[in-house]
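Okay, here's what each chain looks like letter by letter:
Number of protein chains: 2
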Amino acid sequence: MIDAKRLERRMTELARIGGSGTAVSRLGLSADEQRARDLVGAWLTAKGAEVRRDGAANLFARFGREGEAILVGSHLDSVPDGGRFDGALGVLCAVEAVESLVDTKVRLRRPIEVVAWADEEGARFGVGLFGSTATFGRLTQGVADRRDRDGVSIGDALRALGEKGDPATARRDPKELAAYLELHIEQGPFLEEEGLAIGVVEGIVAISWSRLTIHGVQDHAGPTPMRIRHDALVAASSVVTGVRGIAREIGGELVTTVGNLTVSPNIVNAIPGKVTLSIDMRDPQDATLDRALPMLDRVVREACEREGVRYELEHYWRVPRTPFDREVVAAVERAAQATGAGHRRILSGAGHDAQYMAAIGPAGMVFVPSRGGRSHCEEEFTGMDDIEHGANTLLGTALELAVTL
Amino acid sequence: MIDAKRLERRMTELARIGGSGTAVSRLGLSADEQRARDLVGAWLTAKGAEVRRDGAANLFARFGREGEAILVGSHLDSVPDGGRFDGALGVLCAVEAVESLVDTKVRLRRPIEVVAWADEEGARFGVGLFGSTATFGRLTQGVADRRDRDGVSIGDALRALGEKGDPATARRDPKELAAYLELHIEQGPFLEEEGLAIGVVEGIVAISWSRLTIHGVQDHAGPTPMRIRHDALVAASSVVTGVRGIAREIGGELVTTVGNLTVSPNIVNAIPGKVTLSIDMRDPQDATLDRALPMLDRVVREACEREGVRYELEHYWRVPRTPFDREVVAAVERAAQATGAGHRRILSGAGHDAQYMAAIGPAGMVFVPSRGGRSHCEEEFTGMDDIEHGANTLLGTALELAVTL
Chain C
1 MIDAKRLERR MTELARIGGS GTAVSRLGLS ADEQRARDLV GAWLTAKGAE
51 VRRDGAANLF ARFGREGEAI LVGSHLDSVP DGGRFDGALG VLCAVEAVES
101 LVDTKVRLRR PIEVVAWADE EGARFGVGLF GSTATFGRLT QGVADRRDRD
151 GVSIGDALRA LGEKGDPATA RRDPKELAAY LELHIEQGPF LEEEGLAIGV
201 VEGIVAISWS RLTIHGVQDH AGPTPMRIRH DALVAASSVV TGVRGIAREI
251 GGELVTTVGN LTVSPNIVNA IPGKVTLSID MRDPQDATLD RALPMLDRVV
301 REACEREGVR YELEHYWRVP RTPFDREVVA AVERAAQATG AGHRRILSGA
351 GHDAQYMAAI GPAGMVFVPS RGGRSHCEEE FTGMDDIEHG ANTLLGTALE
401 LAVTL
Chain E
406 MIDAKRLERR MTELARIGGS GTAVSRLGLS ADEQRARDLV GAWLTAKGAE
456 VRRDGAANLF ARFGREGEAI LVGSHLDSVP DGGRFDGALG VLCAVEAVES
506 LVDTKVRLRR PIEVVAWADE EGARFGVGLF GSTATFGRLT QGVADRRDRD
556 GVSIGDALRA LGEKGDPATA RRDPKELAAY LELHIEQGPF LEEEGLAIGV
606 VEGIVAISWS RLTIHGVQDH AGPTPMRIRH DALVAASSVV TGVRGIAREI
656 GGELVTTVGN LTVSPNIVNA IPGKVTLSID MRDPQDATLD RALPMLDRVV
706 REACEREGVR YELEHYWRVP RTPFDREVVA AVERAAQATG AGHRRILSGA
756 GHDAQYMAAI GPAGMVFVPS RGGRSHCEEE FTGMDDIEHG ANTLLGTALE
806 LAVTL
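Going down the list, the sequences are from chains C and E. Residue numbers for the first sequence follow my numbering, so the first one is 1 and each next one is one higher. Residue numbers for the second sequence follow my numbering, so the first one is 406 and each next one is one higher.
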């Protein structure tokens, strides 16, 4: 069993890095993310692990020498003004589970590695799942040149951390890895609503991201009569309403969100000349997104025609539903059962570092409840009892896999 | 008559300061605005004027000693990525008209001053008509502490220009001023549509500015089902659509605009937790705004109730319709008539530095056409023929006022 007191102490210690009150701003590839990595690395070095950082700033801490490793972890970065649990809790529970596993003195057939993925959120450079993408060989060409708002590139940020600036060097041969396990907060309301401590994650929903740029005619808000206006924000507002309407029309579990919207020139007395916005759509079934995307095309076309504005719409990212390995899911379920806590099978609505591993090898995840379903905000919260059950589920799963897989 | 070639040369020279292609970014109280002031000051010093800058960074260049002055001018700052004409053209035509007046050797009963008001646009600090407000004693308390996005205050910006940082010292006794004249681009489509060179401005429309903050519930865009969402941007979009609807419902000359809208945290995969936006409404009749404002209250209330979000709505600025002095308007009309160019009486849809002067003494304005009605953008354009007629109208009006008023 894991040591809940030690886990809680370490949660408090880690939350101080980039923290302010209950909020945490610990952006990917920042100095604060590095401080968090150093802290985790120091705990595991003290326990006897062999600790290293790779070219994408991922941290690996290995126990045991030969063979394909069981990888357990999550990420240490947060969104701006995020909380203490998203990502960090998964790394803390991995550390706790693996230390407890080492303490049991059980003879393991496989080495175990704790991983802290770099820049999962992509809040700074717009490249989510950065570290795991690098390790699993799915980086897009030229990604090191992506820049943040201040003109700093991913390559620059890596060099500032002492790396060479080429994240592609982080790639690992899939044969080095036997399985990947991750504990994460649910970020949705279902476990809390049903009074359950553990979600046995069966996979990740299908996701599509689109980007829309609307070109209106910038003009003075005073002397320009309504009849000659082509207002990019009026068109964009119809799109936001229409995107909400797609979820209402299709129903079921489809979720649709406009999260990013930027107006130019964005001053009180100018008719907006340009608006860019993002559209995020997710559903357990790929077929639902196949139906939603043409509806989005129509919503955008009609909104822009009505206002007489030009636009470019790009569906630039699409990931199909990711199923997790049947054996790993079953092992997570047995481990959850063994804790005595309430549990259910569940699908993840958020993307996770487990995503690309699932394409090349066995992966699985453990969810713990999010109070009010909240995440990506300082109100993120999961109670210690649930965390303890979750960490024990992670421990039980890792033990079974390390012995039997 | 004015010297159109000299005027055109100076237009080109001035447009280089803060200019790039046909665009000009010469923000109020910036080093570029100061360079523009230095250039205009040098022209007028060479002509024999007594040139000074006041505590709000306004430039005054005086010809003649005793008595109440005729003040002629406009502003030298622009919005970001604005054009070469808004403000700058009025200063250039004032310089040209006054130099021509001095050259006529007519014996004037009154001194004449050219003025270049500082920071008319308010694009940097959000305080429009800054310089003229200071001169006419209408600054609000504590305005010097207003800060830009980088934390620089108006006081700091003035000190960086060599002033003491207290714009209130710019106040002038209204008794020093006999009248104020300003040439400006129309910024609307009417003169061009009707093929006229000159607008004889009768006054400025009534204006109201409101600010709305919507508090939704920030959450992850993936695992949060539609049924528990409180999306600040969905509510804001209904408000934008509703604000457009107010203009459609009331009709006539009412214009309504949401020009500024800012989303937080503004990332692809987060449900917007907070949106702030501006509402600008204008009409020739104060009574129309009295009718539109309660409609805005209802639009906001209904949009926010529908989405289950909290809000604060503040109607923070209201200026009644500003009528210009009957005698000055008649003088502008006679001067326009004398140029032989087509002209009409017109109301300004934009606020101008003439606004506060109109409350304490005689003021008047001359409009020249804006191609396509465009302004606050690099496409701003007025043809040289129209500019020449406009400058001669300014010259004729100033001459009549300086001799007869």
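There could be a bad hint or two in this list.
[Said to hold, decoys possible] Chain C stretches covered by chain E per the calculated footprint, using a threshold of three residues with CB under 8 Å from any CB of chain E:
#1 179-193
#2 242-256
#3 264-275
#4 332-339
Rather than coming from a laboratory, the hints here were simulated on the basis of the structure. Where a beta carbon is used, it is the ideal one built from N, C-alpha and C, also for glycine.
Quiz item: Where does the structure disagree with the numbered hints, that is, which hint numbers, in rising order?
Solution: Structure breaks hint 4 only.
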